[in-house]
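Colleague: One-letter residues, chain by chain:
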Amino acid sequence: MNRFAYARPATIADAAQLLARPGAKAIAGGTNIVDLMKEGAETPDLLVDLRRLPLHDIRETDGGGLSLGALVPNADTAYDERVSERFPLLAHAILAGASAQLRNAATNGGNLNQRTRCYYFYDTATPCNKRAPGSGCGAIGGVNRIHAVLGTSEQCIATHPSDMCVALAALDARVKVHGPDGERVIDFGDYHRLPGDDPSKDNTLAAGEIVTAIDLDAFDCGHNWTYLKLRDRLSYAFALVSVAIALRIDGDTIVEARIALGGVAHKPWRVVEAEALLAGKAPDDALFATVADRILAGARGHGDNDFKVELARRVIVRALGQAVAGTPQTIADKRIA
Amino acid sequence: MATALSSPTSRIGDPLSRVDGRLKTTGLANYAADFPVEGLTYGVVVSAAITKGRITAIDATAARAAPGVIEIVTHENRPDVVDKDKVWQDMVAPKGSPFRPLGDAEIRFAQQPVALVVADTFEAARHAATLVDIRYEAASHVTDLTEAEAGAYNPKGDGTYSPEKSRSDLANPLGNTKAHVEKVYQEAAHRVSGRYTLAPEHHNPMELFASTAIWKPDGSLFIHDKTQGAQNSATYLAGIFGLKPEQVHVVAPFMGGGFGVGLRPQYQLFLAAIAAKMIERPVKVVMTRQQMFSHQYRPNVIYDIAIAADQAGRLQAIRSDCVGATSRFETFAENIVDWCARGYRCDNIALDYRVAPVDTYTPGSMRAPGAATALNLFEIAMDELAYEVGIDPLELRLVNYTSKDEISGQPFTSKALDKAYAEGAERFGWSKRVHAPRAMTDGRELVGWGMATGVWETLFQAHAVRARLRPDGVLEVATASADIGTGTYTIMTQIASEEMGMPVDRIDAQLGDSTLPKAPVEGGSWGAASIGNALVLACTALKAKLLKAARKIDDSPLANAAIEQVEFVGGQIRVKNDPARAIDLTDLVTTEGGPIEVEETGSPKMLEAAKKARNTHQAVFVEVKVDEQLGQIRVTRVVTAVAAGRIINPKTARSQILGGVVMGIGMALHEETMMDHRLGRFMNHNLAEYHVPAHADIADIDVIFVDEPDHEVNPLGIKGLGEIGIVGTAAAVANAIFHATGVRVRDLPITSDRLL
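Those sequence lines, one after another, are chains V and U. Counting in our numbering, the first sequence runs from 1005 upward without gaps. Counting in our numbering, the second sequence runs from 35 upward without gaps.
Careful: at least some of the hints might be erroneous.
Straight-line alpha carbon distances no greater than 20 Å define the calculated DMTMM-like cross-link-like pairs of lysine to aspartate or glutamate that follow [claimed, not checked]:
no.	chain 1	residue 1	chain 2	residue 2
1	U	K579	U	E642
2	V	K1338	U	D476
3	V	K1042	U	E241
4	V	K1338	U	D787
5	V	K1338	U	D154
6	V	K1042	U	D154
7	V	K1042	U	D476
8	V	K1338	U	E479
9	V	K1042	U	E157
If you want the footprint, here are the derived chain U segments under chain V, 3+ residues with CB under 8 Å [said to hold, decoys possible]:
no.	stretch
10	151-161
11	468-479
12	650-664
13	704-712
14	728-740
Over the 10 Å line for every Cβ pair with chain U, so calculated as not near, a few chain V residues [what the hints assert, rightly or not]:
no.	residue
15	G1034
16	R1090
17	P1092
18	R1149
19	R1188
20	A1211
21	D1219
Hints were generated in silico from the structure; no laboratory data involved. Even for Gly, the Cβ is constructed at its ideal location relative to N, Cα and C.
This is chain V alone, in the form it adopts within the complex (with noise of 0.2 Å):
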């Protein structure tokens, strides 16, 4: 038996004195960190299963927004009539990945942390220099198919595998976290991190802290939002390139605008710069053209995922398309409006 220690505290501040020792790692919902297990990626010697903590409801905050607890499913978030009314975006996003079965397992929380799906990652017989600092990048020069084309290091071209929070990313989203100092608010733009000379930190969660929960803001778009999705096969499988947009809009003139890129980065990818490009204009292709051009200003494929910039380009500008219309993608339907 692989003897490590488990432990269930029922207090955050019981959870986050377990998590700050070395070796701790927290469990949730298992649909990854079980795995990682499994194939030697993730050797702990202590889980702490935070189920019992205090962080199961999604909570109304002030003018309209939503609190939404750590512990609660990724199915029952994507379901919750509040979530489904006033972040159609994060509801979509949710509900294009996975399956089923392990969204009704998977927690928020745990969506945050999960873990690249890079092969060389998993396979403890070749290098990964997130997996074990120092022994090379498989992935460049390897196979890279699913891998990153922007803010990659010599050390790591992984991507965050999530859907979820490319669309928390384009709802300027607050991680709240608990850990031995207290609480603190990070601003969803800087929980994950690229992976520079240290890729094995996947974000800037300190040890010892525990993801409580994600604030959002109201953020009135109307129909103008989207979360447009690019995979090997219809469903079940991660994104090559994904993309979630929000704009507000008034008569023929775009007032903000908000996008994040998901299949591309080892974080989901926002660029502040080029989503000004479109403040107080009207829609138009050319300029989504632009826009594009800059989020993916940068962009480098590696060989399998070369494709990746150019399909990136034009699923962005298909993905403003969708959201100036008011016809975001549905799910059900896999023909791309």
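Chain V is already provided as a structure; the job is to place chain U on it using the hints.
Modeller: For chain U alone, kept in the frame of chain V given last:
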């Protein structure tokens, strides 16, 4: 004692639901790893971390010290076994020296099993497996077929490839005509040539390979195995362990998918047996999903095709030249290059097939081995030729239609492919197709209609079948073959029911047990025809034996009845023209005081028309809708018309074709095991990243079985359906994509990036 009839009888042609359906859906069907065994221990395989080289040291100290660990089996400490190639060659082994798990220190392929950790619990074994410290000396490897191609050789070893038999009326005998074929090709009005490729595919049945080995006090061996051939596993182990064949008993009643990967014994079988011998306790070994990528796969190929036609589209020359992957220790060869030359009329043919050794495990048969590779690529070339000539792709097939096997010259026992073309095209609405690519749209999407032809062999293998009427009134029909999920139990029940006039619930079909009457592995689509015909022989013999017994009863109402004068109806034998004169079969067996049984063997010798070609065909029509800008491909409609002789059960038959078509769609769009050639390792070795179609990828599939009476192929006129659904389907998808987009892709799978 008369048994009340509680269920109806069934006949060939009835859509009888699977007789094992309830067991499977309620979890009562035990698969290989499901059987509870007293005192069971658990073996976990340690897989090699390198692709080629040697093990220089194994330090199992930490693993041995882990709680619950019983033994660490390696090449260094395993008991001796027979080492001759001959015993390691299972019934369907290709030429060569089979891999011996834990045979020696040499590493021949990535994830090769290098140790088996056995413990009291699965969890303990799995953990200790991570503690076995193995040192290697790596050697350089080659896994890239384009690199290995230089070392390709003819699998027959004679330097040139030629089909088994050649047509005598050809102007240029086959196999020696390259220059002539090239000349004809160059002079022809229309030409297509190119290099076509297929990626490596892994079978990925849902059920993982699993074996439990139990050594009995008398020195015999009992095995639960996942296999398409219980007797193959049994003779394999008997040879290796120096036992008599009857000393090894293998049971495998159900299979969670095979697709050919269960034809040969996999390494968990030997590992369970050797470990159980060492520790003198039962051992169960189950592979991980990752390890399912460590053995057989459908070999990737490089297929060079050149075809030429005259103005009317009549084929003038075919060059069919293929290199497929094999391992360094066995020569796995498939019939790939012949299919095109057999199926179309053409006088100038040059065929060449070679295999190139790479540092992987030996590839193996996967659903329609050879034909699926060949025709799903060649039928793309045929579509190209149709556009080159400027005629409808279906018309091109009709122009080149042949009623004989164009290599052997033999006529077919039946070939209703023409009907299949017609009925499939009609149902699909093919006549409304606009020939030009990019001419059909639906909103933003481009619409493409493509078609292709599929061909598979109608094979027949010797099978012995036992029919036994038990004192409880149940009719057992049994052979050592397998139901690999296709419905063999069900069709055996139907045929026995019809032959014996017995209700379905009084028939007990038995398969998957090496002690049952002799049968080969279950594959090649030969099961239904071979077992079905042998079963009829057995039932016929049983009827005679039953009548004989019935006549001997005191005051028998059948005392003077001849076999032609009686009929078997409702669990009785009765006189046809005087049904009141009857004997209940259960009463008869009870009177006899024991079961009445017969065993009969059906063999290819029973076939008439030995000199005829036997094939199944499909004409498959596919609609795709393509979002060209984003490269998204949707298969929105499939119509396939299948000509496969007599259909025993339209319900299970349709399921077989649906499965084949879905797999064909996967071959076209999804399935690809991606190799890192630097590491010599398949990287997407899990079902999250090795994509097979999901429900969303599959829309309407309309299966037509065309009428194809065949009194020559075998007495029942059955042809088999396991493979035909995949053959041509991927090409039809590829051709539909061309029709939609004008983009011709010659490499499968066609992932979205190929259209960007």
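Colleague: Does each hint hold? Answer for all of them.
Modeller: The hints, checked one at a time:
A threshold of 20 Å between alpha carbons decides the hint, and for K579 (chain U) with E642 (chain U) the separation of about 26 Å lies outside it, so the pair is violated. For a cut-off of 20 Å, the pair hint linking K1338 (chain V) to D476 (chain U) stands: about 14 Å separates their Cα positions. At most 20 Å may separate the alpha-carbon atoms for a hinted pair to count; K1042 (chain V) and E241 (chain U) meet this at roughly 18 Å. A threshold of 20 Å between alpha carbons decides the hint, and for K1338 (chain V) with D787 (chain U) the separation of about 18 Å falls inside it, so the pair holds.
About 49 Å separates the Cα atoms of K1338 (chain V) and D154 (chain U), which puts this hinted pair outside 20 Å; it is violated. Only pairs whose Cα atoms come within 20 Å are accepted, and K1042 (chain V) paired with D154 (chain U) is accepted, the gap being roughly 18 Å. Distance restraint check for K1042 (chain V) and D476 (chain U): the Cα-Cα separation of roughly 46 Å exceeds the 20 Å cut-off, and the hinted pair is therefore not satisfied. Taking the CA atoms of K1338 (chain V) and E479 (chain U), the gap is near 12 Å; set against the 20 Å cutoff, the hint holds.
Our distance criterion of 20 Å between C-alpha atoms is met by K1042 (chain V) and E157 (chain U), whose separation comes to about 10 Å. With 5 residues bearing a CB less than 8 Å from a CB of chain V, the stretch 151-161 of chain U meets the requirement of three and the coverage assertion stands. Counting residues of the stretch 468-479 of chain U whose CB lies closer than 8 Å to any CB of chain V gives 3, so the stated coverage by that chain holds, three being the minimum. Judged by the Cβ-Cβ criterion of 8 Å, the stretch 650-664 of chain U is covered by chain V as claimed, because 4 of its residues qualify and three suffice.
With 5 residues bearing a CB less than 8 Å from a CB of chain V, the stretch 704-712 of chain U meets the requirement of three and the coverage assertion stands. Against chain V, the stretch 728-740 of chain U contributes 4 residues with a C-beta closer than 8 Å to a partner C-beta. That satisfies the three-residue criterion, and the hint holds. Under the 10 Å C-beta cut-off, the non-interface status given to G1034 (chain V) relative to chain U holds; the minimum distance is some 16 Å. Look at R1090 (chain V): its CB is around 28 Å from the nearest CB on chain U, clear of 10 Å, so calling it non-interface holds up.
The beta carbon of P1092 (chain V) sits about 21 Å from the closest Cβ of chain U, which is more than 10 Å, so the claim that it is off the interface holds. With a least beta-carbon separation of about 7 Å from chain U, R1149 (chain V) fails to lie farther than 10 Å from that chain, contradicting its non-interface assignment. With a cut of 10 Å on Cβ distances, R1188 (chain V) stays outside the contact zone with chain U, its closest approach being about 34 Å. With a least beta-carbon separation of about 25 Å from chain U, A1211 (chain V) lies farther than 10 Å from that chain, consistent with its non-interface assignment.
For D1219 (chain V), the shortest C-beta to C-beta distance to chain U comes to about 31 Å, beyond the 10 Å cut-off, and the non-interface label holds.
The structure is inconsistent with the numbered hints 1, 5, 7 and 18, although it conforms to all the rest.
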